[in-house]
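With the hints as constraints, model all of the structure from the sequences given.
Protein chains in written order, with the numbering used here: chain A, 911 to 1393; chain B, 230 to 444.
Derived from the structure by calculation, the hints contain no laboratory data. Please note that a few of the clues may not be correct.
What the hints assert, rightly or not - Computed beta-carbon distance windows for the label pairs: (1) Gly932(A) <-> Asp413(B): 17 to 25 Å; (2) Gly989(A) <-> Gln235(B): 48 to 56 Å; (3) Ser1384(A) <-> Leu369(B): 54 to 62 Å; (4) Lys1288(A) <-> Lys263(B): 29 to 37 Å.
Just so it is clear, CB atoms sit at the ideal spot from N, CA and C, and this is done for glycine as well.
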Amino acid sequence: MVARTLYDKLWDSHLVNENDDGSSLLYIDRHVLHEVTSPQAFEGLRIAGRAPWRLDTNIATPDHNISTERSERVAGVAGIPDEISRIQVQTLDDNCDHFGIKEFKMNEMGQGIVHVMGPELGATMPGMTVVCGDSHTATHGALACLAHGIGTSEVEHVLATQCLVSTKMKNMRVNVEGTVGLGVTPKDVVLAIIGKIGTAGGSGHAIEFSGSVFRDMSIEGRMTVCNMAIEAGARVGMVAVDEKTISYCKGREFIPKGDLWLQAVSYWQTLVSDDDAFFDIEVELHADDIIPQVTWGTSPEMVAPVTALVPRPEDQVNKELRKGVERALDYMGLEGGTPIASISVDRVFIGSCTNSRIEDMREAAHVAKGRQVAGSIKQVLIVPGSQMVKAQAEAEGLDKIFIAAGMEWREPGCSMCLAMNADKLGDGEHCASTSNRNFEGRQGKGGRTHLMSPAMAAAAAVAGHIVDVRLFLSESSSTGVEL
Amino acid sequence: MKAFTQHRGLVGPMDRANIDTDMIIPKQFLKSIKRSGFGPNLFDELRYLDHGEPGQDCTDRPLNPDFTLNEPRYRGASILLAQKNFGCGSSREHAPWALEDYGFNVVIAPSYADIFYNNCFKNGVLPVILSEAEVDILFLELEGAEGYELDVNLVNQTVTSDSGEVFSFALDQFRKQCLLQGLDEIGLTLIQAEKIRQYEVEREKAHPWVYGAIK
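Structure representation (structure tokens):
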């Protein structure tokens, strides 16, 4: 039998039909819905008089457009002050009620950012195809799923048919060997990968992350990595099943139990690439070369080690790159040659589907503990990714650490990652952010985003400027806590 | 879905790479539960000098004079010419909705982000891929010729300039046929409903844990 990659296996096992025109009909096991990209799809179903193909494959929650202020959340949907936002959240509730789709409503336990919620509830299981009208759906690939974002027309298509018309992608493997040093997190690993292959480096490919760095990484860390596959142009990012995958899944709400669990586990263990499987592109990095990373520009590929200088346009190898760097520096208000670790920060955002899980909260709290936010900082938002993360963090007293340091502890949602709600940057403000996109205007018109890890963002909050978190960790290394 | 066979129109340039979907339609406009009306807010942050909000009348907002598409010579452009990795970032289908609502029927670029590319076909917008060198030729020609128009033919898969140059482009046949005929893709898939049901029966036997947990 021909050796297959993990992606090949997932593709093959979901193939309903190969059409004559070269496209394929791919079966979708899990469809995750949220308020922003679903209303037009439900409307389409209604207009065509169609019903969802089946209900037990769908799960919904509001996340993108909801307030993270407790005072606004307690009043429920009716209390959302912005009318257009209120209608959108209400529309998700109404559509889910009308069609019978399982929804975790705004203040219910279980609610959270779609890509935090799915895995933590066990709604995402290894070997599944998972889609959502959100480009960060690749996150679920950390559990060896074929998971990717789709547009609203495809949301409607999946609701109506449980299938997608797809064309097979190519295979790409990113292998990172070695052991990362103290203060180097999964976020740094994925930013370094994007820096190497570029923002379109994975276009048309499904990326499998392999090597000792990912084997040693927790499942939540793997989610951070897979989450940003799209920032390297790949719709799909994946890590093969291992013992960590199995133990992560065990006991979660929607995960099978008893005999069914045993059956599932024995299948899940086959979800690895065969030894001699073919990859169209192979990329190698070494852990020793990766130190904490920070973006200095307006694309995730504009990233550098925290110890580096902001690039100079005149040092670029061609005109196109020079123009790109010039434009980015102009937008960011930075001079080429400035040390990255001296850039002042106005606000700090720790959250998003990239970095809002309990391990991220612990990582940030470890740095914040016993320290104070610098006086020059206007705001530090800590936004847990879900109600469950929030409850767990509070049980561990992390909220108290953040509040004591002068940070704000918020309610779960997407928040300042895309700034659809009131959490946003002002014109010209620099933000140390654990989110995934540093595009112009992403976090607010004129806002200047620097992507980094939760530990680095917490350190920037304390220092008032971008700083190498490893300086903080060696100070407190006597506590014996490692990131 | 709207059909597309051929289109002749004025070309509007945006000479930059990595134009992301946040740029194409900023997030505040994603609060809408409709599919239409996004045109006035296409490229909102680049196009206007003030901050835009949904529901606002855009006719009297201050235009950014440095934004190329605001130049009088590009008013009414229906073919957008851009650089590589167009449409990267968020999966929001609001991006092609906004392009279409503004009046763009065609985008020409050396490459596109996968999700955006796919979304265009669902909305009667044709994303044409030409080589970087060919796109550079078009930028150059357009620079020197006011009222620069192109003919885009989906049947023949060609872009033709008035000087008679013909550039061919590739695309897959399924997407081509759907766009040519304006087919309802859901209707097409439902023709295979029996196959989907068969798949489900077999899958339920092999992987029973996939179903039924969410009620």
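Structure-inconsistent hints, enumerated in ascending order: The structure conflicts with no hint, since it agrees with every one listed earlier.
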